[in-house]
Structure formats: structure tokens, C-alpha cells
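Chemist: Each chain is listed here by its residues.
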Amino acid sequence: MATQHSRSAARLMMAPAVFLLLVWMLVPLSLTLIFSFKKFLPLRGDQIESGWDWVTFFPSLDWVGFANYGRFVSSSAFWPAVSTTLILVGGVLIVTVVFGILLAILLNQPMWGQGFVRILVIAPFFVMPTVSALVWKNMFMDPNNGLFSHLWRFFGAEPISFLSEAAMPSIILIVSWQWLPFATLILLTAIQSLDGEQLEAAEMDGAPVLKRFWYIILPHLGRAITIVILIQTIFLLAIFAEIFVTTGGAFGTRTLSYLIFQRVLESQNVGLGSAGGVYAIILANIVAIFLMRIVGKNLDA
Amino acid sequence: MARSVTTQRKAINTAIAWAIGLLIFFPILWTILTSFKTEGQAIASPPIFLNFDWTLENYAIVQERSNYMRFLWNSVIIAGGSTLLGIVIAVPAAWSMAFVPGKWTKDILLWMLSTKMLPAVGVLYPIYLLFVRMGILDSRVGLVIIMMLINLPIIVWMLYTYFKEIPSEILEAARMDGATLKDEIIHVLTPMAIPGIASTVLLNFILAWNEAFWTLNLTSVNAAPLTAFIASYSSPEGLFYAKLSAASTMAIAPILILGWFSQKQLVSGLTFGAVK
Numbered sequence: 003m004a005t006q007h008s009r010s011a012a013r014l015m016m017a018p019a020v021f022l023l024l025v026w027m028l029v030p031l032s033l034t035l036i037f038s039f040k041k042f043l044p045l046r047g048d049q050i051e052s053g054w055d056w057v058t059f060f061p062s063l064d065w066v067g068f069a070n071y072g073r074f075v076s077s078s079a080f081w082p083a084v085s086t087t088l089i090l091v092g093g094v095l096i097v098t099v100v101f102g103i104l105l106a107i108l109l110n111q112p113m114w115g116q117g118f119v120r121i122l123v124i125a126p127f128f129v130m131p132t133v134s135a136l137v138w139k140n141m142f143m144d145p146n147n148g149l150f151s152h153l154w155r156f157f158g159a160e161p162i163s164f165l166s167e168a169a170m171p172s173i174i175l176i177v178s179w180q181w182l183p184f185a186t187l188i189l190l191t192a193i194q195s196l197d198g199e200q201l202e203a204a205e206m207d208g209a210p211v212l213k214r215f216w217y218i219i220l221p222h223l224g225r226a227i228t229i230v231i232l233i234q235t236i237f238l239l240a241i242f243a244e245i246f247v248t249t250g251g252a253f254g255t256r257t258l259s260y261l262i263f264q265r266v267l268e269s270q271n272v273g274l275g276s277a278g279g280v281y282a283i284i285l286a287n288i289v290a291i292f293l294m295r296i297v298g299k300n301l302d303a
Numbered sequence: 012m013a014r015s016v017t018t019q020r021k022a023i024n025t026a027i028a029w030a031i032g033l034l035i036f037f038p039i040l041w042t043i044l045t046s047f048k049t050e051g052q053a054i055a056s057p058p059i060f061l062n063f064d065w066t067l068e069n070y071a072i073v074q075e076r077s078n079y080m081r082f083l084w085n086s087v088i089i090a091g092g093s094t095l096l097g098i099v100i101a102v103p104a105a106w107s108m109a110f111v112p113g114k115w116t117k118d119i120l121l122w123m124l125s126t127k128m129l130p131a132v133g134v135l136y137p138i139y140l141l142f143v144r145m146g147i148l149d150s151r152v153g154l155v156i157i158m159m160l161i162n163l164p165i166i167v168w169m170l171y172t173y174f175k176e177i178p179s180e181i182l183e184a185a186r187m188d189g190a191t192l193k194d195e196i197i198h199v200l201t202p203m204a205i206p207g208i209a210s211t212v213l214l215n216f217i218l219a220w221n222e223a224f225w226t227l228n229l230t231s232v233n234a235a236p237l238t239a240f241i242a243s244y245s246s247p248e249g250l251f252y253a254k255l256s257a258a259s260t261m262a263i264a265p266i267l268i269l270g271w272f273s274q275k276q277l278v279s280g281l282t283f284g285a286v287k
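Protein sequence lines correspond, in order, to chains A and B. Positions in the first sequence are counted from 1; adding 2 to them yields my numbering. Positions in the second sequence are counted from 1; adding 11 to them yields my numbering.
Everything labelled a hint here was simulated from the structure, so no lab data went into it. All of these numbers come straight from a predicted model, not from anything done at the bench. Among these hints, one or two may not hold up.
[Unchecked claim] Computed footprint of chain A on chain B, listed as stretches where at least three residues anywhere in the stretch have a Cβ under 8 Å from a Cβ of chain A:
| # | stretch |
| --- | --- |
| 1 | 104 to 111 |
| 2 | 163 to 169 |
[Said to hold, decoys possible] Pairs of lysine to any residue residues, derived as SDA-like cross-links and limited to a Cα-Cα distance of at most 25 Å, are as follows:
| # | chain 1 | residue 1 | chain 2 | residue 2 |
| --- | --- | --- | --- | --- |
| 3 | B | Lys114 | A | Ala17 |
| 4 | B | Lys275 | A | Ile236 |
| 5 | B | Lys21 | A | Ile193 |
| 6 | B | Lys114 | A | Val297 |
| 7 | B | Lys117 | A | Arg13 |
| 8 | A | Lys213 | B | Lys21 |
| 9 | B | Lys114 | A | Arg9 |
| 10 | B | Lys117 | B | Glu176 |
| 11 | B | Lys127 | B | Val152 |
| 12 | B | Lys117 | A | Arg225 |
| 13 | B | Lys275 | A | Ser178 |
Glycine included, C-beta positions come from ideal geometry on N, C-alpha and C.
Just chain B, with the same shape it has in the complex (with noise of 0.2 Å):
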């Protein structure tokens, strides 16, 4: 008895949870579905939604006209390099903070965190002002460096959050074996902590890809990266959803599935470890 009330309920919460689940998808599903339709039948009224002649011209005419894959590669490079280098900067940092502490460890944790609250618009000017006189606006290796910096300090706290979690009794073993302070970080420590790095690569990489306030102010032309490629479509001309479509489709499928992969360190990431 007890038993089948609880089937029931679970059937009723499962109802309602994929009905709220679909309706939230709901604009990522149809963006997906009208990348696949004629331009016609994208505006169509009502609404068409499964029953159209399913094409990948789209998909096609963005790549051709607009040379969809230069701002995917600059988003690649973008995203890509600025975490990386975050990643050899702070690995570093995260792992004395959480093996050798000192007196201020903790403020600077704090202070890195607080970096990170700096209003963007505030620092606009300056920022464009030197980079026109260092030569890298519109440049990869200037978001690059953007990049890095905006993330560093996430990237220090997900690594040093992850490295504390790393029992110091092995590392005190390899010590005792004789181990250098190279040897220690390579072959202990490093293959203990991949998974945590992993993670961070990945969420701090997400995070790159979709920032769009120094994306769009400090690009044109040569680095302009996927935010700004899309925002370029913000105003239409002529039938468009469907190449809307497919643009933001490619734009956001790499990260959607990638994301997939990482929500569970999102939590952890982006609270700096308040919640876990």
C-alpha cells in the first residue's frame, strides 16, 4: 500500500518536473529546431514545430557568408589560451596556499576575490587607453590577457579548494622518501589533483567563451570572438530567424555540452566554495 503511494507521487513529481524542465529548455530546443528550417517556414503562422522539411542550409549560408569558423577559432584561442595560462599561473599559488600557509594566506584569498567584484565598466576607459598604447586592441593576445586576469581568481580558489581536499600525510610521505620539492608537485601531487584541474579548465573555460562585456568593447575585426560575431545580428535585415538560429546554435553547442559536463563544480566554482 505504502509502496504504490509513493509510485504515484514519484509519477506526479516526475510530470511536473519535465514539464518545468522542457518549458525551460524550451528556447535552446526551438532555437535548435528553426536552425533547420526554410527562412519561410521559420516565420511561419502558427507556428511550425516538427513537421517541416528539415534543412542544413542554414548552417551552410552562415559558414559561407559571415566566415563563421574565423570567430569560433578566435573564441577557441580566446577561451582556450586565457585559461591555460590562468591554469600555470595559479597552480602554483593554489598549491603553496593550501600546503605551506602563512599568516596572510587568507586575506590574499580574500583580496583575489575581492579583484574579481570590480565593476568592468568602471576600468573601461583605462583598459582600452592601454591597450591602443601597447598596440593589442582588437588583438588575440589582448583578450587573452583580459581573460586570464578576469578568471585568476576564480581559477586560484576552485584549484586551492580542490588541492586542500589532498590528505598533506602523502605529501609528507614522499617527503620523508626523499622527494624534491619538483619531484612532490609532478608526481604526487599533480596526478591526485587532474580532476580538479580538469574541472576548473572546464568551467573557467565556459566562462571565457561567453564574456561579453570585454569581448564586445575591445574587438572589431581581427579578434573579435562569437559574442561579438552574434551580436552582429542584432540588427536584422530581410527573413533571418533561421540563420539567427543557426549561428546561435553553433555559437552555444560546444558549451552546452561541456557545461553538461561540469555543473557540479559550478557550484563549488562560482561560490568560492561557500556551498558545496
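This is chain A alone, in the form it adopts within the complex (with noise of 0.2 Å):
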């Protein structure tokens, strides 16, 4: 039994994580909020005062309205940004879900070396971003010397410049290599949890494999996908290094992420970016909402 004093010993504790991110979430995101209504160009001279002027709202820089708003979603990059964005989201989710069930499903046969193997498909996930990035730009994807056009010219084919010519199916083909063995990883957890006399009953009834996937091993799996496609949709709107490296928002891939970024500090229009950041906020809230939906439900179980 919980006494008053665990009790209050016990808020008294949590004080500290609670504290910390309430600032952590707070006083970026009103800063943010603030510099979205306002003009902000520091390269044109617009500065704010020293010391702690955010208390009051930066008093030297003029409020714009909604005009960062207008401006950002009006501009000839947005709507672009926002198909990237959602081709490389996408592109990505299919891939890693579509052959994440496969390898699940075949990781969970019996087999000799299973352990090893799971080694094995696990790893690109444990590698940085920015190093699988430079590996698959200079040494598979590029035109002269990367392992592709080697195989390219074995077929006789002659081996374009993949990361110019194909930018988005190169970049999701890396992401996807990234990502692929958390999918495998989550829905093999899932699949090792299916009741196995199920599976064989229906085996012993004749129904064939793929009855039996559409039927018991899918409908059991829905959740872990679900979990997957939330997760990695998180991680995947707030991809950075992968473009920064490879492409630098070249070629058609520039993501809404990249956008902002290089509104506020590439051509430091920190209002306009401000705007765009806001935007993004909402788009991954959006998404956190049906995830918290899923974890919290779990939480009372």
C-alpha cells in the first residue's frame, strides 16, 4: 500500500523528467511559434536584442501576421516538397512492410543458423545515417566506379547517374535498407507470438499457404503493422542526413523537412522556415495522435 509520503516522495521524483521536457517542449516551440507571426531575416539585418528578450516577444522585430503562412505554402517549392515528401514516406512504408512480413515469415521457419542470419538482416540498422548514406552514394550508386554500374555494364547496360537521373528510387532504396530490419524485427516479434496449433489445424484442414497468411497470419500481424507504419512514419517526415549527404534537396528531393531547413539557415528567412516548422508540427502530431491511441490502450492492458 502506497502511503502519503510514497506518495508525495514519488511526485517529488518525477519531477525532474517532467520538468525537463515541459521546458524541452515548450519554450523551442513558442519561440518558433512566435518567429512564424513575425519578420525574421538575419542576414538583412533584422537582429533581436541581447539578453532574454523572448519574454517579450522580440520587441524589434515587426509582426507579419499569417504572411510566413501564405508565403510558405504558396511558394513554387511547397507542393513539390509535400509529394516528396509523401513519395518518399510512402515508398519507404511499402518496401519495408511488404518484405518485412516476408522476412518475418521466413525468419520464423525452422532453419539452421536462424540466430546468425537474424544477425545478419538486423545490422544496416545499427549503422549511422550519414555512413550508409556516403557507402550507397560512392560505392553502389556511382556512375564510374559504384558496384551498380559495374553490374549495370555486366548486362550490358550502360549505368546512369543513379543519385541524379533516379534520385527518389535510390534514396528510398537506402531508407529502405535502413529501415527494413526494425520492420522484420518488430513483426517477427509478432509473428513468433501466433498460436502455432492454429496454423497447423488449418494446415491439417488443407488449406493452402496463401489462405493461411490472408486468413490467420495477416489478421494477426494488423497491429504490428500498425505500430511499424506510425513508428517509422515519425522517422521517416524527419529525414535529414540521407538528403544532406547525398543529394543536398537536388533532383527532386527535397522533403518539406529539407525545405524548412533550408529556409532557416540556408537563406535564413527564419519567419518564413518558423511558418514551415509549424506546419511540420502539425503533420507529425497528426500522426502521434493515432500512435498514443494504440500505446495508450496497451498501457491499460
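Join the two chains, each given in its own frame, into one complex according to the hints.
Modeler: Given below as C-alpha cells:
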């Protein structure tokens, strides 16, 4: 039984974590929100006063209302960035979920050296994004010396400059390679909890492989697939390093978050970039709400 | 009869799984192999797989030319420091949520998770500004703080999940014997929670080590970790495949090994306990 004493102690012990995360969330978020309604071009002389003047909402910067929000959406780069983001996230999700399911089913079969295969399959997840992007860019996708160009020539085809002529498929390939292990591991964990007797009974009754997959395995994986999709979406919306070191946003690979990054740091239009940031935060929160519902339900159980 | 069919099926499964496993692992294998080649052999056409003159030259050059050890040290400090700091802050919080749950515990947990969903790019400039003002831009302290805050929700969640599995009867028994709260945490809880804490440390060290948004944008010279070091290779000069491979191998090897130990925790950690 928790006593009054231990209850207040518990609250005290929770305080540092709660306080830090509250500050971490509120301070930058409110600054972004304020900047998004201001004209703020540091390179053209817009400076904020020294000291902690953010408490007074940066009096030296002009309020511009919703101008930044309107400009961000009406800029010619906006809709291409939205579609690039959707194609990247959607492409990677399709590849990782489909191949993740197949791999999980395969890894769940009886075989020799299962542990070793698992180690091989999980490895890409632990490679830092800058390394994997550079290795793929140079050693596989380079038009002169990359392994892909050797492969292309071996089959008598003319190798192309993959990251400029087929930039999106190339980046989807790189990112999928990084995230396939995660999807596979989660789906494998889920598949291992499947009741073997049910499958055996279906097999005895002569249900063909595809039917067993469709009516027993897939429904059982439903929840795990949802989790994979939601968690990956949150990470994929924020993809940065893979684009930064491969194309730098060129050749139609500028995602929404990369566009915001360029507005803020490259062209130093903080107001405009902050408005974009608010859009990104809203977008991520829509995905997050669905994820939290699922996780929250799990807490009750 | 039935057994021979199973064996045959098992052999086929094994062959397919090994082939696919090797295919997925191949880019890493190829990087490791290339790191032992000379630059000429690294771009040889057709590619050489194993019969090249193995050399350690590239590792020596990478270390000498780019002061690799400093970047490595920065990575160790940032990943290690942020993880330890996170653990110190998260253990009490997770303890109280697991053993003295209140009305709001569930909401607080979900809210913590929601801070993890905040897209970094949305708050890049404010953080940059605050770092400049506080004089911690391009400093290890700044990066330790950021990494700790980013991973704190995951640390709290993982610890909470592990602590929940500890039967509370044991704690009650200790209390009956007159153990104080401090005794309870240090002598009863901690020994039982060590495996869970270890897994949490491992996974968060890996996540912090590989983080490549804040580390690229908030560092330049002094605090730049391996992610930034490797990114400096994105504009190549001359022959450099073997050196790139050597640098890459050095950057990923420790984490790859740690990662293989923590693959089970990865699932419960990154899905916040929703898949076990």
C-alpha cells in the first residue's frame, strides 16, 4: 500500500524528468510560434536584442500576421516538397512493410543458424545514417566506379548517375535498407506469438499457403504492422542526413523538412522557416495521435 | 519419411534465409572489405572481392590525416554522457510511475512520448539561437543536453516497462522489514532492475551515437562527433573509396557489436512496449 509519504516522494522523483521535458517542449515551440508571425531575416539586418528578450516577444521584429504561413504554402517549392515527402514516406513504408512481412515469415521457419541470419538482417539499423548514405552514394551508386554500374555494364546496360537521374528511387532504396531491419524485427516478434496450433489445424484441413497467410497470419500481424507504420512515419518525416549527404535536396528530393531546413539555415529566413516548422509539427502530431491511441490502449491491458 | 521432408524443407529455408541475410548485410561487408584494399584495388574493374593485398594503410591514414580519435572521443562523450544523465533523471521517475502510480501517470507517460514526436527541424532555429546565447554552440555540453532530452522519453518508457515486471510483493516485504525508501531503491530494486537498466543504456547509447540532425547542425569543429566527421567525406577528392571505407568501418564497428547484443530490447524500446 502506497502511503501518503511515498506518494509525495514519488511526485518529487518524477519532477525533474517532467520539468525538463516541459521546458524542452514549451520553450523552443513558443519561440518557433512567435518567429512564425514575425519578419526575421538575420542576414538582412534583423537582429533580436541581446539578453533574454524573448519574454517580451522580440520587440525589434515586425509582426507580419499570417504572411509567412501564406508565403510558405504559396511558394513554388511547397507542393513539390509535399509530394516528395509523401513519395519518400510511402515508398519506404511499402518496401519495408512488404519485405518485412516476407522476411519475418521466412525467419520464423525452422532452419539452421537462425540467430546468425537475424544478426545479418538487423545490422543495417545500427549503421549511422551519414555512413550508410555515403557508402551507398559512392560505392554502389557512383556512375563510374560504383558496384551498380559494374552490374549494369555486366548485363550490357549503360550505367546511369543513379542519384541524379533516379534520385527518388535511389534514396528510397537507401532509407528502406536502413529501416527494413526494424520492421522485420517487430513483425518477427509479433509472428512468434502466433498460436502454432491454429496454423497446424489449418494446414491439416488442407488450407493452401496463401489462404493461411491471408486469414490467419496477416490479421494476427495487423497491430504490429500499424505500429511499424506509425513509428516509421514519425522518423521518416524527419529524414535529414540521407538527403543532406547524397543530393542536398537537388533532383526532386527536397522533402518538407529539408525545405524548412533550407529556409531557416541556408537562406536565413527564420520567419518563413518557422511557419513551415509549425506546419511540420501539426503534421507530425496528426500521426502521433494515432500512435498514442494504440500505445495508450496497451497501457490499460 | 516425415522427418526427411522436414529436413529437406529446413535445408531450403536455410539456403534462402542465408542468401537474403547476406544480401542485406552485403553493403556493410563490402565496406569492411574495401577498407583493407589499396585505393587502386578499391575501384578496380571488375571489382575484386577477396583476392587483394590486405593492408591496414587506410586506417593509419584516416587516423593521421583527420584526427579521427577526436571525433571518436566526442561521440563517446556525447552518447555516453547523455545516456548516463538520462538514466539518472529517468530512474526515479520510472520508479515512481511503476510502483506508486497516480491518477495522472498514464497521461504523463503518453505526454512524454508525445515530446518525442516533435519534428526537430521545426525547432531548429530557436535551439540554435538559445545555444548561441548560452555560449554552448559547438560544445559537448550542449550536445549532451540535447541528446539527453531527445532520448529521455524512450529511457523513461523502457525503464517503466522493466520496472513494471518486478513483482511489487518483494518491495512490500522489504518495507515490512523496515526498509526505508532509499534502502528499497538501492538494495532491493536496483539489483533486480540491472538487466533492464543495462538494456536501456545500450539502446540509448546507440540511438545517440547515430543521431545525425542535431549533431550535424549544432557542431562545427570542437564538438563534432563521428556523424559529422563522416559527412565531411560527402565531397570526395581524388581516390578515396578505401579511406572512406576505413573511416566508415571505424565509425560503425563499436555500435554494430553493441547493437547485436541489444536487438531484443530494440523492439520493446522503440515501440514503447506496444510490441513484446
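Chemist: Compare the structure with each hint and give your call.
Modeler: Hint-by-hint comparison with the structure:
1. 104 to 111: holds (count 6)
2. 163 to 169: holds (count 3)
3. B:Lys114 to A:Ala17: Status holds; Cα separation ~15 Å.
4. B:Lys275 to A:Ile236: Distance ~22 Å between B:Lys275 and A:Ile236 Cα, so the pair holds.
5. B:Lys21 to A:Ile193: Holds, because 18 Å separates the two Cα atoms, which is no more than 25 Å.
6. B:Lys114 to A:Val297: holds, 18 Å
7. B:Lys117 to A:Arg13: holds, 14 Å
8. A:Lys213 to B:Lys21: holds, 22 Å
9. B:Lys114 to A:Arg9: holds, 11 Å
10. B:Lys117 to B:Glu176: Holds - the C-alpha atoms of B:Glu176 and B:Lys117 are around 16 Å apart, at most 25 Å.
11. B:Lys127 to B:Val152: holds, 21 Å
12. B:Lys117 to A:Arg225: holds, 21 Å
13. B:Lys275 to A:Ser178: Answer holds: B:Lys275 to A:Ser178 is near 21 Å, not above 25 Å.
Consistency note: the structure conflicts with none of the earlier hints.
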